[in-house]
Amino acid sequence: MTARDGFRFALSNLLQQKVRTLLTTMGVVIGVGAVVLMVSGGIGLQRQVLKQFESVEAMSSIMVLPIKVDLTNWSFEPKQLPTPKSLNDRVIADLRRLEGVTAVYPNVHFHLPLSAGKRKIRVDVAGLPLEGVTTGLREAVVAGGLWAQEGAHVLLTTQAAKALDLGAPEAAIGKEVRFVLRSEREDDETGAPGTPADPGEKNGSAEPSAPPAVTPKPPEDCPEVFTVVGVYDPEKYKGFGGGQVFLPLAVSLKVRRTAGQDRGGFRGLKKGEYGELVVHVASPELVKGVSEEIRSRGMGTITADDLISQLNILFLVIEGFLGCLGGVGLLVAFVGIVNTMLMSILERTREIGIMKAVGARNRDVRRIFLIEATTIGLVGGALGIFGGWFVGVGLNLAVRLWLGTKGGPKDVSVFQVSWLLGAAAMLFSVLVSALAGVYPAWRAARLDPVKALRRD
Amino acid sequence: MTAYISTRDLVKEYVLGRERVRAVDGITLDIERGSFVGIVGRSGSGKSTLLNLLGGLDHPSGGQIVVDGTVVNSARDDELARYRREKVGFVFQFFNLVPSLTARANVELPMIFGRIPRAERSKRAREILERVGLGHRLDHRPSELSGGEQQRVAIARALSMDPALVLADEPTGNLDSRTASDVMDLLRRLNQDHRHTVLLITHEREIARAYCTRLVELSDGKIIHDGPPASTPTPTPPPVATPAASVPAASPAPESGPSTENPR
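Chains as they are written, first to last, in this note's numbering: chain A, 1 to 456; chain B, 457 to 720.
What the hints contain is simulated information worked out from the structure, not anything from laboratory work. Using N, Cα and C, we set each Cβ at its ideal position, and we do this for glycine too. Don't take every hint at face value.
[As the list claims (entries may be wrong)] Here are the computed lysine to any residue pairs in the SDA-like style, where the Cα-Cα straight-line distance is at most 20 angstroms:
(1) A:K18 <-> B:E469
(2) A:K451 <-> B:R582
(3) A:K68 <-> A:R297
(4) A:K451 <-> B:R571
(5) A:K451 <-> B:L485
(6) A:K451 <-> B:E469
[Claimed, not checked] If you want the footprint, here are the derived chain A segments under chain B, 3+ residues with CB under 8 angstroms:
(7) 8-21
(8) 358-368
[Stated by the list, open to error] Pair ranges (Cβ atoms, derived):
(9) A:L314 <-> B:A575: 28 to 36 angstroms
(10) B:G518 <-> A:F386: 32 to 40 angstroms
(11) A:L420 <-> B:G473: 53 to 61 angstroms
(12) A:L435 <-> B:E583: 40 to 48 angstroms
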């Protein structure tokens with residue numbers, strides 16, 4: 001029997017039992033659809049995250065750490081940690097002299113409540129020197145601009161401006177906002193909770209919660225009230241620190257220290273030392289060379305490339321897990337196909353006997369059943385991929401609607417079906433269904449023709 | 457000269473529960489090419505088992521079968537399939553057509569497994585169906601055909617690969633007497649005009665006597681008589697009382713008989 005005849009034969013057999021074929025195929029559709037939907041969710045998430053690194057700004061930045069880290073191997077023993085290199089102003093000046101480097105500055109990054117009038121929100125804050133301002137950031141500014149010199153200036157995000165009820169971005173310019181530096185700040189070592197001999201405990205009426213004697217750091221000359229000089233759209237700026245509220249670098253350092261948040265990163269920083277540095281290079285191609293140069297000086301570096309490759313591994317694991325979850329559906333479909341084929345053999349026993357009597361070889365019979373099973377997988381797979389994609393599109397719309405009500409970005413696609421995913425799902429579906437056909441086909445092929453013909 | 461079909465000490469045993477049943481018990485038989493041999497005997501005498509062995513549907517437990525120089529008894533499954541496809545045409549009592557296929561498609565079935573190209577297949581099926589008088593029924597399904605027509609489709613199917621040997625197991629057992637004689641006439645024509653060797657199982661002695669050139673009678677898996685039809689003794693009592701025994705017309709099949717033919 002030729003393959004073509006086998007296919008024709010199988011198809012007409014499947015069409016003999018339309019309802020059953022349809023139901024079995026539905027099983028495959030649901031199974032494949034679930035796999036496609038799950039994995040496409042993982043892929044969408046992956047792309048959403050990796051989008052943050054797609055900009056030239058991100059690709060031409062290097063994070064410098066005081067110790068060498070290897071992102072591909074996190075399992076180093078703490079005692080094997082090398083002595084951290086001190087990241088201070090001298091190192092900054094030194095790195096600035098490297099070829100291709102356009103800016104070097106400490107990475108200052110913290111969370112603080114920010115208020116305007118009665119509104120109060122928590123924001124991500126980053127310090128930014130003028131040399132670190134990229135064209136990408138300048139182009140993302142929708143109102144006002146950047147500060148010309150250090151001072152109590154702040155560059156807000158559109159979301160923050162909206163949440164603080166400052167009106168349209170243009171209207172926000174020149175308004176004042178206030179960082180809540182003390183009342184809500186986390187305790188530091190000096191103001192640890194279990195301070196002994198607290199007199200307030202005896203006469204509980206007076207100041208029950210806020211301990212008055214938390215010797216606040218001297219307010220220094222740290223400003224609390226900042227003037228909005230500009231508003232930018234974080235969706236247009238994907239560099240380091242995208243989505244954050246920017247302050248001039250020197251001021252941000254003061255704010256962080258005053259707020260008691262200067263212990264981020266590595267412990268035991270001495271005065272004048274920074275936890276991390278940010279290095280900008282002139283173009284993404286220079287990142288590798290400059291990064292190696294920095295590492296040769298005993299410091300660690302993290303580049304967007306490092307992060308991307310790590311994230312890709314992480315997402316592969318996540319997608320594999322999600323795929324397995326959806327694969328449960330496919331497993332059920334597998335059992336369904338086996339069941340259908342076995343039932344079909346029972347019904348067609350006599351027919352198999354006839355085929356053998358007129359000269360069908362065992363392998364001809366086997367082939368017919370294998371093709372039948374595979375056809376179910378082929379059709380079910382195609383419909384399942386389409387179905388998974390379709391549901392994904394629907395969910396994407398729902399997610400965008402939901403994000404829209406929250407003022408979030410509107411171009412989010414959580415579920416993304418790539419050609420590769422489609423092809424892989426198809427292949428998988430066909431393989432699974434062919435596999436489901438193996439045992440029934442084997443059983444059909446080895447039927448004894450005499451007994452099969454005797455069957456009513 | 458060697459016979460077209462020759463068996464030596466052919467044995468087929470079944471295990472039925474704890475018992476071993478010898479359905480075919482040491483049959484030695486030579487059949488010449490172009491003969492029309494009737495195999496008669498009571499139910500359970502081993503006729504069908506013998507036919508299945510000769511047709512390569514079943515493996516013997518012992519002995520030898522040689523058909524046209526091919527040793528059938530030791531053939532592997534694939535070789536047997538090829539033998540069935542190219543050298544043997546089966547005709548069954550219950551027609552055994554594939555219900556979902558049209559008459560033409562049923563006739564094409566052996567040719568599909570014989571890898572005959574589609575166009576030729578279709579042409580040949582039409583020719584053969586016309587030869588058996590069903591040129592007007594090409595696209596009918598078995599359920600739309602009468603019993604006689606179905607059996608003629610089955611005969612057309614048996615002929616589609618032009619086999620030298622046609623094995624017919626009670627081909628008239630499910631037909632009324634008129635259609636039965638039509639079918640038998642057709643088989644005789646095949647035998648006389650196209651030199652197909654025909655082996656016919658029947659327990660209707662009238663039919664056997666009227667059409668066959670030789671009768672082999674089996675009982676308990678053994679040959680108890682072998683010779684020209686005239687010499688075959690009429691058993692007492694005859695299976696069906698036929699008033700005009702000399703008329704070569706088939707008598708209707710008894711209702712119960714043949715379906716319990718094979719030992720199980």
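Quick check: which numbered hints come out false for this structure? 1, 2, 4, 5, 9, 10
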